[in-house]
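Student: What follows is each chain in one-letter form.
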Amino acid sequence: EGLIEFYSSFKEMFEFFCKNTTIHGTIRLVCSGRNRMKTAFWTLLLLASLGMLYWQFALMFSQFWAYPVVLTMSVDSEPKMFPAVTICNLDPSRFELVSEQLEQLERMAEESLTFLYGPKASSRLSQLRDRNRDRDKDGAIRVQAWANLSSAGFSLSHNFSLVRMWDLRAGKKHSRVGFRLCNSTGGNCFYTSHPSGMDALLEWFRFHYMNIMAQLPPELPQHQQHFQDLVYSCQYDGEPCRPSDHVHFHHPVFGSCYTFNSKGTDPFWAATKPGIPYGLSLILRAEQKEHLPLLSTVAGVKVMIHSHNQTPFLEHEGFHVRPGIATTIGIRQDQVNRLGGNYGRCTTDGADVAVELLYNNSYTLQACLHSCFQRAMVQHCGCGYFYYPLPAGARYCDYSRQPAWGHCFYQLYSRLRNHRLDCFQHCPKPCR
Amino acid sequence: AATAPGKRITARLKRTLPVRGPQAPTLSELMRWYCLNTNTHGCRRIVVSRGRLRRLLWIALTLSAVGLILWQCAELLMNYYSASVSVTVQFQKLPFPAVTICNINPYKYSAMKEYLYELDKETKKALETFYGFSEGKSKVRRSVDDWNSTGSDFFEQIPLLKVEDFSRTATELHSGQKRKIEGSVFHKDSSIVNSGDSNDIIGFQLCDANNSSDCALYTFSSGVNAIQEWYKLHYMNIMAQIPLEIKEKLSYSAEDLLLTCFFDGLSCDKRHFTRFHHPLHGNCYTFNSGESGTILSTSTGGSEYGLQVVLYIDEADYNPFLVTSTGAKIMVHDQNEYPFIEDIGTEIETAAATSIGMHFTQSRKLSKPYSDCTETGADIPVDNLYNKSYSLQICLHSCFQKAMVESCGCAQYAQPLPAGAEYCNYKKNPNWMYCYYRLHEKFVKEQLGCQQICKDACSFKEWALTTSIAQWPSVVSEDWMLRVLSWDKGQKLNKKLNKTDLANLMVFYKDLNERFISENPANTLVILLSNFGGQLGLWMSCSVVCVIEIVEVFFIDSLSIVLRRQWQRAKKWWSGRQQGRAAQASDVERQGHENPACIDEDLPTFTTALRLPLPQDSPLPRTPPPNYSTLRLETAFTEQLPDTLELGQH
Chain A
188 EGLIEFYSSF KEMFEFFCKN TTIHGTIRLV CSGRNRMKTA FWTLLLLASL GMLYWQFALM
248 FSQFWAYPVV LTMSVDSEPK MFPAVTICNL DPSRFELVSE QLEQLERMAE ESLTFLYGPK
308 ASSRLSQLRD RNRDRDKDGA IRVQAWANLS SAGFSLSHNF SLVRMWDLRA GKKHSRVGFR
368 LCNSTGGNCF YTSHPSGMDA LLEWFRFHYM NIMAQLPPEL PQHQQHFQDL VYSCQYDGEP
428 CRPSDHVHFH HPVFGSCYTF NSKGTDPFWA ATKPGIPYGL SLILRAEQKE HLPLLSTVAG
488 VKVMIHSHNQ TPFLEHEGFH VRPGIATTIG IRQDQVNRLG GNYGRCTTDG ADVAVELLYN
548 NSYTLQACLH SCFQRAMVQH CGCGYFYYPL PAGARYCDYS RQPAWGHCFY QLYSRLRNHR
608 LDCFQHCPKP CR
Chain B
181 AATAPGKRIT ARLKRTLPVR GPQAPTLSEL MRWYCLNTNT HGCRRIVVSR GRLRRLLWIA
241 LTLSAVGLIL WQCAELLMNY YSASVSVTVQ FQKLPFPAVT ICNINPYKYS AMKEYLYELD
301 KETKKALETF YGFSEGKSKV RRSVDDWNST GSDFFEQIPL LKVEDFSRTA TELHSGQKRK
361 IEGSVFHKDS SIVNSGDSND IIGFQLCDAN NSSDCALYTF SSGVNAIQEW YKLHYMNIMA
421 QIPLEIKEKL SYSAEDLLLT CFFDGLSCDK RHFTRFHHPL HGNCYTFNSG ESGTILSTST
481 GGSEYGLQVV LYIDEADYNP FLVTSTGAKI MVHDQNEYPF IEDIGTEIET AAATSIGMHF
541 TQSRKLSKPY SDCTETGADI PVDNLYNKSY SLQICLHSCF QKAMVESCGC AQYAQPLPAG
601 AEYCNYKKNP NWMYCYYRLH EKFVKEQLGC QQICKDACSF KEWALTTSIA QWPSVVSEDW
661 MLRVLSWDKG QKLNKKLNKT DLANLMVFYK DLNERFISEN PANTLVILLS NFGGQLGLWM
721 SCSVVCVIEI VEVFFIDSLS IVLRRQWQRA KKWWSGRQQG RAAQASDVER QGHENPACID
781 EDLPTFTTAL RLPLPQDSPL PRTPPPNYST LRLETAFTEQ LPDTLELGQH
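Same order as they appear, the protein sequences are chains A and B. Quick note: the first sequence uses my numbering, first residue 188, plus one each step. Quick note: the second sequence uses my numbering, first residue 181, plus one each step.
Everything labelled a hint here was simulated from the structure, so no lab data went into it. Keep in mind that this is a model prediction, so the values were computed, not measured. Backbone N, C-alpha and C define an ideal beta-carbon position, used for all residues, glycine too. Treat the hints with care, since some could be wrong.
[Said to hold, decoys possible] Calculated cross-link-like contacts (lysine to any residue; reagent style SDA-like; alpha-carbon spacing at most 25 Å): (1) B:273 - A:603; (2) A:206 - B:476; (3) A:206 - B:273; (4) B:751 - A:200.
[What the hints assert, rightly or not] Partner residues are not named here, just some residues of chain A that face chain B (Cβ under 7 Å, in silico): (5) 192; (6) 211; (7) 236; (8) 254; (9) 379; (10) 383; (11) 480; (12) 503; (13) 506; (14) 507; (15) 609.
[As the list claims (entries may be wrong)] Which chain B residues stay away from chain A? Per the calculated CB distances, all over 10 Å, these: (16) 228; (17) 301; (18) 429; (19) 440; (20) 480; (21) 494; (22) 500; (23) 522; (24) 562; (25) 610; (26) 619; (27) 625; (28) 726; (29) 753.
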């Protein structure tokens with residue numbers, strides 16, 4: 188065998204090629220040598236497929252040199268259900284049961300203000316309180332049956348009063364205002380202090396307010412405030428809303444809240460057309476009568492647009508609507524689907540999450556985090572944080588029963604924020 | 181005779197068929213069998229090639245093809261896994277962006293008095309002459325009164341004019357002289373053309389200092405715009421002469437601006453803010469600028485966990501001509517990004533709580549050749565004058581500034597200074613305003629080439645903002661809060677703060693979902709090759725190996741045949757001429773059929789295996805089935821046998 192052997196004729200070469208090549212079909216050219224019709228047919232077929240190949244190659248090359256990119260996004264314009272809408276009047280009601288304590292607390296706030304900022308600061312507060320008292324005397328809603336329930340065991344504690352601390356920094360006198368929290372043995376004390384007196388006062392008030400509100404029995408009277416007091420007019424898609432369309436709940440900070448279309452099953456709430464006349468239009472009354480002057484400083488209406496069967500966490504995603512102006516809110520739904528599985532942790536319905544939800548609504552990350560924190564709170568401090576729902580068998584914290592709960596809470600909370608409490612590990616994001 | 185016909189035929193088959201497959205006696209025979217029968221292209225080529233060199237080449241080719249396959253598969257696998265990794269990235273903690281806050285008024289008006297005294301006086305005078313009103317305040321009247329005594333620089337430099345459009349004459353405001361307008365007229369407002377009856381058009385004229393006939397008149401439909409523009413022009417001249425340190429002192433300090441600060445549930449103070457001097461907005465303060473080395477992040481979304489500040493907007497100390505709105509300007513941006521607060525800042529109002537919810541989106545474009553964007557800006561022939569990472573905005577501003585320094589000899593006040601240049605003022609560069617307006621017009625008309633040079637940045641971060649406003653402070657909390665804040669502001673401030681001096685701002689993440697939009701090439705090299713493979717396989721059942729085969733046979737081999745024929749013909753001709761021998765038939769080319777190297781590689785078919793006679797006189801010549809093992813019929817010989825025999829007897 189030589190180093191390289193050549194064919195002696197074209198015919199031989201061609202025949203060898205056709206027999207041994209890996210191209211299908213060429214063998215047919217040789218085999219069908221005796222029938223010209225067949226040879227011609229196969230030649231045509233081969234040439235045709237070669238032509239196709241050439242054409243497709245050209246397409247592919249032109250595509251490649253155009254350097255296209257892929258961006259996946261789908262726009263869906265199918266009719267949808269209108270989302271759930273929650274509105275709150277930012278005016279938490281003074282529950283009859285604790286109004287005594289709230290007045291006491293306001294008096295304490297006045298004292299603190301006088302102590303810290305001089306006598307003029309608190310003048311307005313007392314006026315307001317008088318007005319409130321007058322209104323009460325006029326015989327507004329008074330639930331006498333509850334008067335005997337009025338917790339005799341609770342009294343406002345003066346252990347947590349605001350003080351001013353001076354520290355000399357950079358040659359200038361700086362002061363911080365805050366209150367002291369200690370653990371149950373009276374040690375390991377720290378101050379929750381702020382350079383601004385406003386922040387300190389608000390935080391101090393909130394702390395006491397929680398303790399007072401914790402006295403309330405879990406079953407609050409529903410519809411203490413009438414729907415008509417907040418909503419003057421309500422229309423959806425040009426038709427008046429029905430009483431069955433809204434669900435009421437009371438939030439200790441945001442006041443009376445109504446959720447429209449919370450279930451999302453009623454065909455009345457199908458979103459038929461885009462545009463202002465086809466949506467929900469409300470005329471609201473932002474009342475500031477019962478307003479607790481130190482609880483929140485804003486006035487208006489808190490609004491949140493959310494999914495059906497979802498607990499609205501107004502402090503997270505709610506936004507404000509200012510009184511005295513017409514506000515138009517356009518909405519657009521973005522749906523994010525996470526793949527889950529090996530691609531990243533997420534949960535479809537929360538059933539596989541180690542944390543048992545305290546909210547009886549669908550799974551959200553916030554609901555899981557709150558539930559996880561509340562359980563840790565009950566475990567470490569022996570009582571529940573007032574703003575979150577209670578697990579079975581637990582009570583809300585108040586300092587007449589657990590004098591050190593504030594200390595416990597602030598420490599636990601900073602652990603949550605620094606990711607040392609494994610709530611963030613236990614709570615995956617929802618898959619959709 | 182006792183054995184069944186089926187068994188007899190298998191025995192006969194075994195005898196006649198050569199031993200193949202796993203029963204092959206030697207390893208080389210097994211390899212040969214495999215290579216001949218496998219569907220893997222290339223392998224067969226090794227066996228059937230003629231010549232050692234050819235065979236070696238084919239072995240090398242096949243092996244390198246195997247290597248390429250491994251490489252491509254690895255690439256595909258890596259692609260698969262890397263793609264899934266980029267999806268798994270989930271942020272439980274999201275870095276908080278930098279938030280830059282400016283008072284809309286750049287400098288304290290009371291502190292600026294000594295610099296702006298002359299200018300303000302003349303502006304007031306202009307207002308009075310034009311519109312016949314004087315501000316009710318006594319100080320205005322006083323300043324108007326003593327205006328005549330002091331000489332005026334400003335009106336001599338660039339006077340305000342009342343223009344009569346028809347006659348093309350202008351009345352000079354301060355002297356009352358009429359002058360003829362030459363040169364071109366620029367209307368800042370195009371709607372002015374229709375208002376034929378209004379002849380009270382106000383504007384100013386900018387002339388080339390070297391050639392006074394080359395003038396451009398700028399007119400405005402509204403006197404407000406004209407006076408503001410004119411004021412701004414002079415204001416920039418004045419500010420350009422004040423050194424930076426003094427300007428920083430003239431503007432607001434962090435203590436002035438920030439009353440309270442709260443971030444992620446903890447209080448913060450001015451140490452968390454970095455000062456940044458903006459030429460048009462004075463001192464701005466950037467929260468979380470990352471200059472201390474750490475970037476703050478939030479662990480939970482919601483307004484309680486974001487930045488909450490109460491700003492002190494000293495409304496009484498506003499410049500009445502420069503700014504006409506009250507409030508603050510804020511901008512959310514990346515730490516490496518320069519805040520173009522004058523272009524894309526959000527304004528917040530006083531006596532209101534503004535909550536700004538953010539959605540974070542990160543986008544990445546593919547650079548060349550997929551799109552025309554730049555990764556770092558290093559390939560753009562414009563120096564980055566800003567000390568921040570590249571963006572289109574930075575490039576455009578830098579490009580304009582460069583052109584300004586080149587053609588006007590000085591730098592525009594609103595943008596940073598290039599090396600070796602200084603800001604324009606008409607003491608040194610009397611011509612600059614005209615030059616600037618001309619250049620700016622060119623810039624807007626894209627004649628400077630900046631828009632062509634500057635490219636988009638490939639990756640950018642974006643915070644989509646949702647703003648909502650509530651009344652703040654509420655009626656009941658107003659009283660105590662203003663008291664407390666006034667006290668905090670310092671006891672020396674005896675007056676109680678007014679609620680229109682305050683603005684409450686909350687900036688927070690609405691949720692901690694990061695949206696990452698990235699481009700992926702639709703056609704990578706792997707995909708291109710795979711497409712080729714698919715097409716070749718679909719139409720020709722061919723691969724790269726068969727492309728090489730075609731090259732081998734139709735180019736190299738056919739060339740060699742042509743050359744050899746030519747050579748032999750030449751040799752024949754030469755020898756025939758040399759010896760003149762006539763009859764010479766022995767040198768017939770050896771045809772392929774006589775060639776001993778050409779072995780019929782066809783696998784035995786049934787007919788040949790059974791030594792059946794071929795149907796010689798068949799009207800239709802039967803084509804033998806192709807020698808692919810897939811086409812071989814190996815089963816159910818017993819059923820097939822009668823058919824075969826029947827055919828054979830034809």
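Student: So which of the earlier hints does this model not fit?
Tutor: As far as the earlier hints go, 2, 3, 9, 15, 16, 19, 20 and 28 are violated by this structure, in ascending order.
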